[in-house]
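Colleague: Those sequence lines, one after another, are chains A and B.
Sequence positions in the first sequence follow the numbering used here and run 858 to 1048.
Sequence positions in the second sequence follow the numbering used here and run 9 to 198.
Accuracy of the hints is not assured; some may be wrong.
[To be verified] Chain A stretches covered by chain B per the calculated footprint, using a threshold of three residues with CB under 8 Å from any CB of chain B:
1. 860-867
2. 889-900
3. 941-951
4. 1006-1014
5. 1036-1042
[What the hints assert, rightly or not] Simulated restraints on C-beta separations:
6. 993/A <-> 101/B: 45 to 51 Å
7. 195/B <-> 885/A: 23 to 29 Å
8. 97/B <-> 1001/A: 32 to 38 Å
9. 999/A <-> 139/B: 28 to 34 Å
10. 955/A <-> 48/B: 19 to 25 Å
11. 101/B <-> 955/A: 33 to 39 Å
12. 159/B <-> 965/A: 55 to 61 Å
13. 999/A <-> 195/B: 22 to 28 Å
Simulated from the structure, these hints should not be mistaken for lab results.
Glycine included, every Cβ here is placed at the ideal spot set by N, Cα and C.
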Amino acid sequence: MKSKREVLIKLFISTLYLSAFTFGGGYVIVTLMKKKFVDEYRWIREEEMLDLVAIAQSSPGAIAVNGAIVIGYKLAGMAGAVTAIIATIIPPFFIISLISVFYNAFRSSFLISQMLEGMQAGVGAVIAVVVYEMAEGVIHGRNPASVLIMTGAFAAACFFGVNVVLVILVCGLLGAVRTLIARKRKEGKDT
Amino acid sequence: MIWLQLFLSFFQIGLFSFGGGYAAIPLIREQIVNIHGWLDMDQFTDLITISQMTPGPIAINSATFVGIRIGGLPGALTATLGCILPSCILVTLLAKLYLKYQKLDILQGVLDSLRPAVVALIASAGISILVTAFWGSGGGIRLSDTDWLLAGIFVICVALLQKLKWNPILVMVLAGAMKLAAAAVQKWVF
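So that you can see chain A by itself, here it is in the shape it has in the complex (with noise of 0.2 Å):
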């Protein structure tokens, strides 16, 4: 491989770049990411691509976030998860500081607060029709259990205003939970 520096370099300029253009959340930009760094570099192999997305998209936080650390970390170790990190969140904290500072000024204007108003019915129905699909995801799963926790969670987020927090953490250790249950009853028939 070539020198780290180079690596870096073009690490960074890939990744603001991909950061810059890429619209409609992390799956696209780890496909991007994909495209970039092991059919046109070839730095990454592709299972090894594929393991490093499924991290990203397994651990917490935003997926683009966790798929510039796990390829900068991979191609150049800590100097290339920050310069990764870096790069990723350059263009949307400008793009958005300055939104955020014209922001008052947009929202007192005739033109731009009835676009935000209409938007808002916008905005509601995309997140009505992905909570569709998700839900008949998992509801095609066939698992009781999981929509069992659908329900239970939809129930105390909406109508008791439980804690977010709470409720992920209660269902994430049910998950653990399930788990270790399922393997304990396989180790039961194995032996």
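Here the structure of chain A is known, so what remains is to put chain B in place on it, guided by the hints.
Modeller: Showing chain B alone in chain A's frame:
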């Protein structure tokens, strides 16, 4: 004090949002609107709208937006740092564990149980966005106070997304344009 609050709030958002993108929305609402009152529901919805239309993860966009309003540029940096720190620690740790053991079936089990919960939480946050759009952020839900225009725009948007598979950004711009056109007609014709 405000710096620590900003940092800790976004640290929690970074730490507990599993599943990317929309999964951060309920956590952001909880921290920013419910607990600290840094944004009201209208501003929060604007923030989500802006995030959808600009590149970058929703959590990072929110950290910058809220941070700047609360503490200027240093505030934005503090919040963003808080938001990515859990990722930095956990992703590196998991990457190491993964390379060592290859299989993490407990983690997989935790994620399998979290997925349905995250769907439910996103649904709950989506409902509060719609309630704000249809009935305003002030008070209760009364049929007579319903903003029927926005309800109609919502139905059209759902149809465009679900049946015709339109691009979400395009649908949102169209929603804004419809409301603007209706308001302009009301203002200048009547």
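Colleague: Next step is simple, just say for each hint if it's right about the structure.
Modeller: Hint check results:
1. Closer than 8 Å: that is the beta-carbon criterion, and the segment 860-867 of chain A has 0 residues meeting it against chain B, so the requirement of 3 is violated.
2. Chain B is given as covering the segment 889-900 of chain A, and this is violated because 0 residues of the stretch bring a CB closer than 8 Å to a CB of that chain, at least three being needed.
3. Under a criterion of three residues with beta carbons nearer than 8 Å to beta carbons of chain B, the stated coverage of the segment 941-951 of chain A is upheld, 5 such residues being counted.
4. Check on the segment 1006-1014 of chain A: 7 of its residues sit with their Cβ under 8 Å from a Cβ of chain B, so the three-residue criterion for coverage holds.
5. For a cut-off of 8 Å, the count of residues in the segment 1036-1042 of chain A with a CB near a CB of chain B stands at 4, and the three-residue condition holds.
6. Against the hinted window of 45 to 51 Å, the Cβ-Cβ separation of residue 993/A and residue 101/B comes to about 34 Å, which falls outside the hint.
7. For the hinted restraint 23 to 29 Å between residue 195/B and residue 885/A, the CB-CB distance of approximately 39 Å leaves it violated.
8. With their beta carbons about 35 Å apart, residue 97/B and residue 1001/A fall inside the hinted range of 32 to 38 Å.
9. For residue 999/A and residue 139/B, the hinted distance range of 28 to 34 Å is satisfied, since their beta carbons lie about 32 Å from each other.
10. Restraint check, residue 955/A to residue 48/B: a C-beta distance of roughly 22 Å satisfies the suggested window 19 to 25 Å.
11. Between residue 101/B and residue 955/A the beta carbon distance is about 35 Å. The supplied range of 33 to 39 Å therefore holds.
12. For residue 159/B paired with residue 965/A, a C-beta distance near 25 Å fails the hint of 55 to 61 Å.
13. A hinted range of 22 to 28 Å for the beta carbons of residue 999/A and residue 195/B is inconsistent with their spacing of about 53 Å.
When each numbered hint is compared with the structure, violations occur for hints 1, 2, 6, 7, 12, 13.
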